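Based on the provided sequences and hints, a complete structural model is requested.
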Amino acid sequence: MAPKFRIKVFQISSFIKNFTIVSIVTLSFLLVFFSKSDLYLINGLKNISSSVIIPITRIISLPINTLSNFVDEYKQFRSLKFENKILQEEIIRLKKWQTLAIQNSRENRVLKKLLNATDNNLTLVKTASLINRNDTIYTKLINLNAGHNDKIKKNMSAINERGLVGKVIDTTSNNSRVILLTDPNLSISVKSISDGIFSLLTGNGDGKYLVSSFVKENKMPRLGDIVVTSGTAQIFPVDLLVGKVAKVEKNRFFVLPFVDFENIDYLQIVTSK
Amino acid sequence: MELSKFLNPSIKLNIILIISFSISVNSFVLFPNVNNAFYILFHLTFIYLIFYHYHFYLYILAFIYGILFDILLLNNIGIHLIAFLSLLILYFVIRKFLTRLSSYQIIFIYFVTLIILLLIEQILANFTNGYKFSLLTFFNFFIISLIIFIPTVFLFSKLDK
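These protein sequence lines are chains A and D, in that order. In this text, residue positions in the first sequence follow the numbering used here: the first is 1, and each later residue adds one. In this text, residue positions in the second sequence follow the numbering used here: the first is 1, and each later residue adds one.
Since the hints were made in silico from the structure, they are not lab data. Remember, it's a predicted structure, so these values are computed and weren't measured experimentally. Think of the CB as a built atom: it goes at the ideal place given N, C-alpha and C, for glycine as much as any other residue. Errors might be hidden in some of the hints.
Covered stretches of chain A, as calculated for chain D (at least 3 residues, CB under 8 Å) [to be verified]:
1. 19–29
2. 44–51
3. 64–72
4. 130–141
5. 229–238
Here it is, written out as structure tokens:
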């Protein structure tokens, strides 16, 4: 009886193995096929990876993270004396500018009252801090410690003190993922401040520059022009600082973003009023 | 003694898989090459598991890690899942041929498989996700692979006794 029993078990397990392999392969192709859709399963998988897998991977990579922070702090400590000197000089310079700015601000307020203009076109939804980043291999994504419990929704804009950082692409209850401007899959509609030239910018893939993918009427902006969001695509609020034109070619131009993407700690999630 | 019995080579290799996966999906601004090195180590470990510890559970591993890599590194399911599963299926087809080869030939095929896998992933990322194929990035991967390959194989052979 024993050999017969063994043969039967072997047959069942082999069937289960084959069935599982075929199921995995089929499911994989279905997932690949529907991955860009808004299916519940795909969103569920993305939510699990943001809210469960990322915290686990952070714990496992804690030693390297600690080492990285230690090296960073050591570097900062070494340059402290030099930075202090620069900052002292900058304080003197900024004090002069402050006096000018206060004067301008008063004038601005008076002129706005005359024009009946509103003060700001942005609504601050939440200030969130960065919990981890996935911007070395392939994509340029960062994860924040605030989600739809904090009223953060998909497609909201992420900014910091220097300008536009990116766009929220996924939210879970307590986390959200932001795609950075430097990602080749994010397009932003912008205009140059001096000439009002409208164009579309995408990440160049090098993580540093943004490159124009479309320029309205093929008019190129001038070198050094400041570029802001145009607000025409209805995704980003209007007039958010993006960057400076750094290189102009025959059919395209490159923009150096104002934001230092390597030093992001806190972000503000904003939306248009 | 009990722990060393429990930690058989396959489990040790799976621990390396988990660690290398975790480090490769957490970017360190100061050490970007650490991410790349652990990303390559993950691929090396996975190929090693396929070559020397082929088992049905590897399909489930390929499925899980493929999806997680795709979501965390690309935000779209596709390239890693396809690459890992294709590699498993390919190995299943040609494994009889591999058993006839000498250890040096297998080591050579092991390295070539790693490079081809990394290359295919970059090409697929270019076609499906719009990430430009960068020769510089691939060259960086190739150099890191060259540096870590021999020590990794040595480590794995020690783990495998």
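Each hint, compared with the structure:
1. 19–29: holds (count 6)
2. 44–51: Answer holds; 3 residues pass the 8 Å Cβ test.
3. 64–72: Since three or more residues must qualify, the claim that chain D covers the stretch 64–72 of chain A holds, with 5 doing so at under 8 Å.
4. 130–141: Satisfied; 9 residues make the cut.
5. 229–238: With 0 residues closer than 8 Å to chain D, the stretch 229–238 of chain A misses the three-residue bar; violated.
Of the numbered hints stated above, the single one contradicted by the structure is hint 5.
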